[in-house]
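Participant: Once you have looked at the hints, place chain B on chain A.
Chains A and B, in that order, are what the protein sequence lines are.
In case it helps, my numbering puts the first sequence at residues 249 to 512.
In case it helps, my numbering puts the second sequence at residues 4 to 671.
The set of hints was computed from the structure by calculation and includes no laboratory data.
Beta carbons: idealized from backbone N, C-alpha and C, even for Gly.
Among the clues, some could well be false.
Claimed, not checked - Subject to a maximum C-alpha distance of 20 Å in a straight line, what follows is the list of computed SDA-like cross-link-like pairs (lysine to any residue): (1) B:Lys-613 <-> A:Gly-368; (2) A:Lys-271 <-> A:His-472; (3) A:Lys-270 <-> B:Ser-480; (4) A:Lys-270 <-> A:Ser-298; (5) B:Lys-613 <-> A:Arg-390; (6) A:Lys-270 <-> A:His-472; (7) B:Lys-613 <-> A:His-472.
As the list claims (entries may be wrong) - In silico contact screen, one side only, chain A against chain B (beta carbon under 10 Å); selected entries: (8) Tyr-336; (9) Gln-339; (10) Ala-344; (11) Phe-358; (12) Gly-362.
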Amino acid sequence: MVEQGVPDSFLSLRGVGFSVDKKVILSGIDLDVAAGSVCGLVGPNGSGKSSLLKIIARQVTPSAGSVAWGGAPATDWSNRAFARHVAYMPQFTPGADGMTVRELVALGRFPWHGTLGRFGDSDRRAVDDAIARTELETFADRRVDGMSGGERQRAWIAMMLAQDARCLILDEPTSALDLAHQAGVLSLVQTLARERGLTVIVVLHDINLAARYCDTITALNSGHVLMSGTPADIMQQDSLRRIFGVEMGVFNHPHHHQPVSYLL
Amino acid sequence: MHGMADIARPQPRQGRGMAVAGLGIACLLLLLLLLLVWLMPAVPGEPGQAETLHSILLWHSLMPRAALALLAGAALGLSGALLQHVLRNPIADASTLGIAAGAQLALTVALGMAPALLLLPREIIAFGGGVLSLAVVLALSWRRQLDPVTVALSGMIVTMIASALSIAIILARGEYVMSIFIWGSGSLSQQDWSGVLSLVPRLIVGAIATALLMRPLRVLSLDDAAARSLGVSIHATRFAVLALAVWLAASVTAIVGVIGFLGLAAPAIARYCGARTTTEITTGAAIIGAGLLFAADSLMQLLGPGFSDLAPAGAATALFGGPLLLLLLPRLRSTLNLQVASVSAIRRLSRPVVGLAVLFAGVTAVFLGALAVGASDDGLTFSLGASFADLLPFRLPRIVAAGGAGAMLAVAGLIMQRITGNPLASPEVLGVSAGGGAGLTVVLFLVGFPTPPVMLGAMAIGAVVTFLLMMALTARSGFSSERVLLAGVAAGALAMSIMTLVLAQGDMRSYILLLWLSGSTNNAGPLHAGIALGALVVLVAPLAFCGRWLTILPLGTAVARGLGLQVARARLMLAVLAALLTAAGSFIVGPLSLTGLVAPHLARMMGFQKPGHQLLAAILLGAGVLMGADWLSRLVIYPYQIPLGLFAALISGPYLLWLLSRKSGSST
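Isolated chain A (complex conformation) (with noise of 0.2 Å):
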């Protein structure tokens, strides 16, 4: 568990509200993540998980509440500092109209070098390395819009990359992907994460694909934080029944032993 209350931990929410034309979508919302871990945002549909994601993307302001970053609110970095800090991935990418894969992750170094900076040989050995780290070598000179479903993400995740942020936030980036590439994209996410000592924030729709990859997962319900923990604390049977509102069975996995829910 996180410990509550640290004041330079390395993201956390206080007391956070997001409501629109007076409809309330979060409220009170406490949260501490800590550095180098996957967390994992979960809950039902119209939960307000992907507000909440937004509103630590600094993609939308809160209501009420405050963000801190290592300390710092949320407000005082500046556009650039905060990009160099945090890359932020949104639910439907859009199409990078005739755009290749190369002149995509090149947009990350953005945040880097500016409007008008040169484009240095660091900027291009970091676009390199992020086309070797997600295998996209041989589609480098590629478009992005006629790649598939799964490779066009891992082109939008080199972007991050070569964002070299300290934080990716991701939102649902499985959801039109089929069961292998939800696999593909999750576990590169997660070992970049491990090697790199990346944070990540990531909603997921499954909850077995965040109890998988996930180091802690925090559920959401109609506006709220309903429980935060471990995939083990997470996956109980009524832990599952007062997040989702269906009755869920809990198996354990017979070869890697986590813990895996079904619908009763």
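Facilitator: Chain B alone, transformed into the frame defined by chain A:
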């Protein structure tokens, strides 16, 4: 218990409320009529004679006019309700579907080119034009199952092309057809009851036909599959209703001219007031349409000095059309996802620099050709040496002006396409060049005879205001492609209706505006050439530093913000730049040329994908296209000349239509 009853039976209460409201509005309208009669200016002269004259005016002008307003309004309201219902499209009406523009074009053609046609009743000619336009619009969107957004776009383009043709004919035969414009803006003034008498039976027939078609109409509220499974012959019903709606609208157009957007407003208000079933909406729309047009026309009479109209009623209702369209946009849902991205990027050039060099050589060739080759009585002539030097002061400025304007519009289009991430965005489609025209109109009203710099300034303000307003309105939807395009259609319609107010005056100001609309380079001198080149250099230079913005912004707000770009600031700066480029470009070639759409597109299709390469290629192509068009416009109907802007629109319009239909093929 009490609360429960209220929730369970809201109907009677609402009904009574509606009845009270209706009664109130009827009283107001009656009051307006009484005011009209009471305030009618006294006829000067000997008392007895004046009294006779007064009663003649009352019974043969004022009364038929009031009756006609009510009838025309009812017919248009009914027509709009039918169109919207049968196309399942809340912004369908005679103006947005190109019916009005088509009817107007047909009448202009008849009046200007083939007077023999006028032996036919005007209504038949108008009906023919309206049906033709509607057929084109529906054919373009047929394969997309008449998707509302595609229909709206096609309607806008057809309207644009029809208007360009009408203006070309009017300018060529000004002496005969200038009156078309006064008529075209929907003046209701009457000398007798003939208009009323011809409209009454048509409205009755229309009402009966609607009543007969009511059952299949009701089933058509469901989607096609469901309607078909209920045994309704969808196509037959749809065509019958469309024909009825066009006939009603065309009858009104033939008698009083174009009454803009009434067919849009009436059903919308009816629905807003709580009309729910098909019967309620159609009757409600007819009644509200009648009330609206009568109120608008009475107000225009009362407000104008001495009962001369402040503005024709049609132009006045059109003024409300633009804002109303913007208001209705959030309700409009595309039934299919508009996949605009699939048009683009067929290939990438492996060596774009070589491609740019080839383009440059081509544009230079066009430039030299336009300078040296002209038409004469013995066919094409090459002018070299002394005659070349003689012709240079005439040809050089207009070619430079055309080329510069083309380049500026191309850059403006490219910026718009990139900041909205929408490949169909362009100064013309987004209504920004028409916004410049609205600015020009305002300054014509205020100053009378403004100097070119004042005109240019007013246009710049108009264009910037229009584009920023549009961006602000569509920002909330994250610049979704359909919202952007529809807001553009609305902005263009609003700006055009402001211009119609001046065109309808039929004085010198109308002529200046008409000349600007046509985008004529006949009078382009060193001043125009200087403005074109100067503005091009000053406005395009900053873009050298914005290459990265232009790469990142098409990816959308979330990604751009994630990369640390100051999205709002970047968008604002680029938007202002694009609007200024639009104003300067359309100052020379008018608002209709479509260069801003075509040039960036051609650049992409040729395979220039990186922003820098695309920008240079678009500049070359824009300049080349307009220089070539200017050259051709001198040659094709020698010794006459077609105004450049219109000529370019007539070339590019079909290209845009082809693009739309191709897109529909490839994305479904």
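Participant: If a hint holds in the structure, say so; if it doesn't, say that too.
Facilitator: Outcome of the hint check:
1. B:Lys-613 <-> A:Gly-368: holds (19 Å)
2. A:Lys-271 <-> A:His-472: holds (14 Å)
3. A:Lys-270 <-> B:Ser-480: holds (19 Å)
4. A:Lys-270 <-> A:Ser-298: Since the Cα atoms of A:Lys-270 and A:Ser-298 sit roughly 18 Å apart, the hinted pair holds (cutoff 20 Å).
5. B:Lys-613 <-> A:Arg-390: holds (14 Å)
6. A:Lys-270 <-> A:His-472: holds (17 Å)
7. B:Lys-613 <-> A:His-472: violated (45 Å)
8. Tyr-336: holds (4 Å)
9. Gln-339: Cβ of A:Gln-339 sits 9 Å from chain B, so the hint holds.
10. Ala-344: holds (7 Å)
11. Phe-358: Because about 5 Å separates A:Phe-358 from the closest Cβ in chain B, which is inside the 10 Å limit, the hint holds.
12. Gly-362: Holds. Min distance 8 Å.
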